[in-house]
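Residue numbers (our numbering), protein chains in the order written: chain A, 1 to 319; chain B, 1001 to 1319.
Rather than coming from a laboratory, the hints here were simulated on the basis of the structure. Keep in mind that the hints are not guaranteed to be accurate.
[As the list claims (entries may be wrong)] Examples of chain B residues toward chain A, derived with CB under 10 Å:
hint, residue
1, ASP1036
2, GLU1231
3, ARG1269
4, GLY1309
Remember, it's a predicted structure, so these values are computed and weren't measured experimentally. Yeah, the Cβ is synthetic: ideal placement off N, Cα and C, and Gly gets one too.
2 protein chains.
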Amino acid sequence: MTAVGWPLSLDDLRMAEAIIRPQIHWTPVLTSRSLDAIAGAELHFKCENFQKGGAFKFRGASHAVLCLSDAEAANGVATHSSGNHAAALALAATLRSVPTYVVMPRTTLQVKQQAVAAFGAEITLCEPTPEAREAGLAAVQARTGAVIIHPYNDERIIAGQASVGLELLGDVRRLNTILVPVGGGGLARGVCLAVAYLSPMTRVVGVEPEVADDARRSLEAGRIIPSQNPETIADGLRTSLGDLTFQVLQEHLENIVTVSEEAIARAMRLVWERLKIVIEPSAAVTAAVALEGLGDLAGQRVGVVLSGGNADLDRLPWL
Amino acid sequence: MTAVGWPLSLDDLRMAEAIIRPQIHWTPVLTSRSLDAIAGAELHFKCENFQKGGAFKFRGASHAVLCLSDAEAANGVATHSSGNHAAALALAATLRSVPTYVVMPRTTLQVKQQAVAAFGAEITLCEPTPEAREAGLAAVQARTGAVIIHPYNDERIIAGQASVGLELLGDVRRLNTILVPVGGGGLARGVCLAVAYLSPMTRVVGVEPEVADDARRSLEAGRIIPSQNPETIADGLRTSLGDLTFQVLQEHLENIVTVSEEAIARAMRLVWERLKIVIEPSAAVTAAVALEGLGDLAGQRVGVVLSGGNADLDRLPWL
């Protein structure tokens, strides 16, 4: 059990990491000379596709579930998610024998719906808008009394995701830049905090699909501008920032780079081909920045966070 | 430099491993609870898809090239191969600034032809039969004076491939069974030798596609029965045994299990989905044995050699 305060301290991040360590993977960092040659930079790929549940989300979900008291856990946990958080929460809850209730947009990939169902969660489908997701979740919570574990706007989740940054900084020294995908912002914020405490000279660059650039627009405008059901192949990045993530990203994120749908597909294919690993489109956005020569990375030592590997193997974006 | 004798001794295998160690990857062994549950066994996947050049072939090729004297290397090296050996040889030769000549069947995957060309090798295409390959290679050798490095019927190659076995036995103790694909038999023989010396209680089971079962038929008949251009998606396993490999496989291979084309495709997809790694059809044959309940593996601790990851990403066998 831990009491996570605001703002999260380095001790909070380390405590969270220690709590989840027994049940998460310390994921490998892969390199490739041929991809370095294409990028003109030294790329260190942090492979969260190898995390349990196939995505970094298991870190935050584990932490949130393990932080609950037995009384809190008794009625189960509930969330809304387009997939990876839901599967991660269901898996983490199962490990503690806690029931899980999930609200998912109807547009969620079948493969992700199946993963959630396979972990024994009860699924409620909703329209693919932020409002419908929140309303659906409120209804489920009223019915079950479950504790809501928001996919990113939750300090416990963010403290868990920060372990991606702790591991990466532990494995690779003197990174000039870390590229991190920005969906709801939980991963980006966790990485920003870890970097701010442990490697302040490293800049953190957020990456979004061009067609789902709500974080870029929000940070420019100085207020949260939600996206409305953006049509990107990076299904994990269709969500909008929350107030907790917005605040820290404003402070710590160097900038946001956006990538086209074509660039995402090309980068995804190239990572599969050269690194021999399966990553999903949402993970490929960071690789796309490096491999398309964006983000001013020339000659740099770059951490590339590959957020997950739950790709739909029946529908590849380059076919 | 090493002088490899016949039969290969444990010292020969260890010397070969020491020679190539500076330029090969010690590839990881991955596990998956969900795949274990499907197999009803404890599976340890030896991931040669992460080897340089994307396949185990780089081990033997490196060893063969590093064993050449400067005088021998002067005119270059030549081989015939349906892909992975050719790319591996070209890469190994490039590292020593030696030219490479490759005879490839016309049916070789474009992706593998391109890989060979990218390493600077000169390619000659031929008909997809053992005879045409040998004839084409003889012509190239007569023209160039290059040293022929046969893809598997060569002691230097086999001593290099044995390092797969040395690494696997070093990483995972008390394996009951090791599943290894059988194409020309170089990898199978290398693994058989390593096991015979270091873990004689472990049985080695060879795996072939049903439609390219020349090793099974040859071992049953007691003489080499070559396959004639078999039509399997496991393109790396279309070759036939050589006399060097045949002899040792007769002695050391427990038996041969064959798998259907459908089983290969299913296993390949399942490995991609659960392990999040890209393997090619030739590598999936071993996984197919485990995941389809073949080979009497129930409750066992099993080494599953995944031989490579050079899959054609534009043509997936399940689509």
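Q. Holds or violated: is there a CB of chain A closer than 10 Å to the CB of B/ASP1036?
A. 14 Å, violated
Chain A contact restraint for B/ARG1269 - C-beta distance below 10 Å | Cβ of B/ARG1269 sits 6 Å from chain A, so the hint holds.
Q. Against chain A, is B/GLY1309 within 10 Å by beta-carbon distance?
A. With Cβ-Cβ at 4 Å, under 10 Å, it holds.
**Asked** Holds or violated: B/GLU1231 as interface residue toward chain A, Cβ cutoff 10 Å?
**Response** 23 Å, violated
The structure is inconsistent with the numbered hints 1, 2, although it conforms to all the rest.
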